[in-house]
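Throw the hints in and build the complete structure from the sequences for me.
There are 2 protein chains.
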Amino acid sequence: MKNISIAFQGERGAFSEEAALKYFVDDNIETVPYEAFKDVMRAVDDRKANYGVLPVENSQEGNIDEACDLLLDFDLCIVAEIKLRIVHCLIGHAGAEIQDIKKVYSHPQGLRQCRNFLNRYDWDRIPAYNTAGSVRMISKRNDKTEAAIASERAAAIYQMKILKEGIENDIHNYTRFFALSRPGMRSLTSSEEEKRAMKSSIVFATDHVPGALYDCLGELAMRDINMTKLESRPSRDKNWEYVFFVDFEGSLEEEKCRSAIDEIKKKASFLKILGSYPAAEDFEAKP
Amino acid sequence: MKNISIAFQGERGAFSEEAALKYFVDDNIETVPYEAFKDVMRAVDDRKANYGVLPVENSQEGNIDEACDLLLDFDLCIVAEIKLRIVHCLIGHAGAEIQDIKKVYSHPQGLRQCRNFLNRYDWDRIPAYNTAGSVRMISKRNDKTEAAIASERAAAIYQMKILKEGIENDIHNYTRFFALSRPGMRSLTSSEEEKRAMKSSIVFATDHVPGALYDCLGELAMRDINMTKLESRPSRDKNWEYVFFVDFEGSLEEEKCRSAIDEIKKKASFLKILGSYPAAEDFEAKP
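These protein sequence lines map, in sequence, to chains A and B.
The numbering of the first sequence is my numbering, which starts it at 211 and goes up by one.
The numbering of the second sequence is my numbering, which starts it at 211 and goes up by one.
Each hint should be verified, as a subset may be incorrect.
Stated by the list, open to error - Under the rule of at most 30 Å between Cα atoms (straight-line distance), these lysine-lysine pairs were calculated in the DSSO-like manner:
hint	chain 1	residue 1	chain 2	residue 2
1	A	K448	B	K466
2	A	K439	B	K477
3	B	K439	A	K439
4	A	K439	A	K466
5	A	K350	B	K354
6	B	K477	A	K477
7	A	K448	B	K232
8	A	K350	B	K312
9	A	K466	B	K448
10	A	K354	B	K312
11	A	K374	B	K448
12	B	K248	A	K313
13	A	K350	B	K313
14	B	K448	A	K232
15	B	K354	A	K439
16	A	K439	B	K482
17	B	K477	A	K466
18	A	K466	A	K405
19	A	K232	A	K350
20	B	K313	A	K248
21	A	K476	B	K439
22	B	K405	A	K448
23	A	K477	B	K439
24	A	K439	A	K475
25	B	K374	A	K312
26	A	K439	B	K448
27	B	K212	A	K313
28	B	K439	A	K448
29	A	K248	B	K439
30	B	K258	A	K439
31	A	K350	A	K313
32	B	K350	B	K313
33	B	K258	B	K232
Please keep in mind that the hints were generated in silico from the structure rather than gathered at the bench.
Here it is in structure tokens:
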């Protein structure tokens, strides 16, 4: 019996599931699909799943806002960062060829990440809620003018044909995921992973005065802590004010990181620690 | 004959057209729809339109990444900021009532901005490329189980029925637009507007060293220049590096702003000035 369950958003064959399977390699793992990012968070929070995997950023398209906002709404901890190389495939019916295609379905991000390829054709581009889900959908209809954009794995799962592989705009297309657990849950850190550099993530808000953000970032800069990401999201309390998601190198077990956080906390109107975790290596996504 | 043309993205009745009509009140104005944000920019750049209007940020959902990225790709200037209160309506056929609805179409942002209302119903939510376009689409089919989410104005234009008005999650739902022109074009600034405070926008990249962003922001902070927005977007050159879009209070005609920019330019690996413009007042969007 599988006894470690990992929640992911989408349908079987989704890139999130691929990220989960690349990272969690234990035999005891089972991946469980959920419809929405929020359902993934709730499953972990409600102890229905041990871990959840959420995409937070794409190297070409930027932040995945909805997922980041959920890090604020739920009190889960980031236990790992996963980077997955995203290889998109054009997927159709067994008897179809590229010249038969008239409509292509995928998640809006999938359509955008393949726009250079799609611009060569006069196909209707139809946004769907999930890449793998759009493969499943067209697999049930027997229309060889329909194609979907998703992973090689999704094509295999739904027994559909890959018409063209590697149609993403850029071969440097990576998505970054967080693996999340309830606070206090042990991470499944391997000994290999323990040797990696650590990163930490926080989110905070500042008072609406000149230099407030600058002062907070100064606590990292003066300690030579390298900020790897700064993302602003709208505050829920007040229009045109923001919360800031910051990732930096180092672990909150290190004194200099802890003291930086303590000082930012004094200056910020709000601060939440999202976790410290081993920095990801870039995985090639090939099933 | 109308001789000032304003390009907007979407179809007649789009919120972008509404923003254009609220801001440009001259009788000589005509609004011209374009399919994509990029087409709007190109129309202005190619002198097919005098101005373009692009949504850049929503107060609830945050940055509109695709539009911001185009500010980098084209050499147009921001001549005005427009803030529009977004009132979403559920729109259906003349004979339809809310209980008939089974499917609802809108731009993904429209669906998200109304999710609290939509969560009360078991309707299929189908993403479309444009709010007003989804009204036009359902208006052509005679299926009273279909509804769309768009503006009151879109309902009027396509002669459809408003089933429910004001279904957005939050009554503080505003979208911020930029009006853009070619460099050197005179803005249509009214005398009322000339009394308003000015804002400026820049975009820059830093070297990937600790404190680089902090040092750049310091040039604003030390001059008491209030930064109103900081948005990071992926660099096109290198994975997990970023460019920063910064808005601040003040005009580039002021000495202290100019000297801040000059200093940031020395520290940044790249800097582009997007424009100085009168800060918007919040408009209520009611046709």
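TODO: Enumerate the violated hints, using their earlier numbering and listing them in ascending order.
DONE: The structure conflicts with hints 15, 25, 27 and 30, although it agrees with all the remaining ones.
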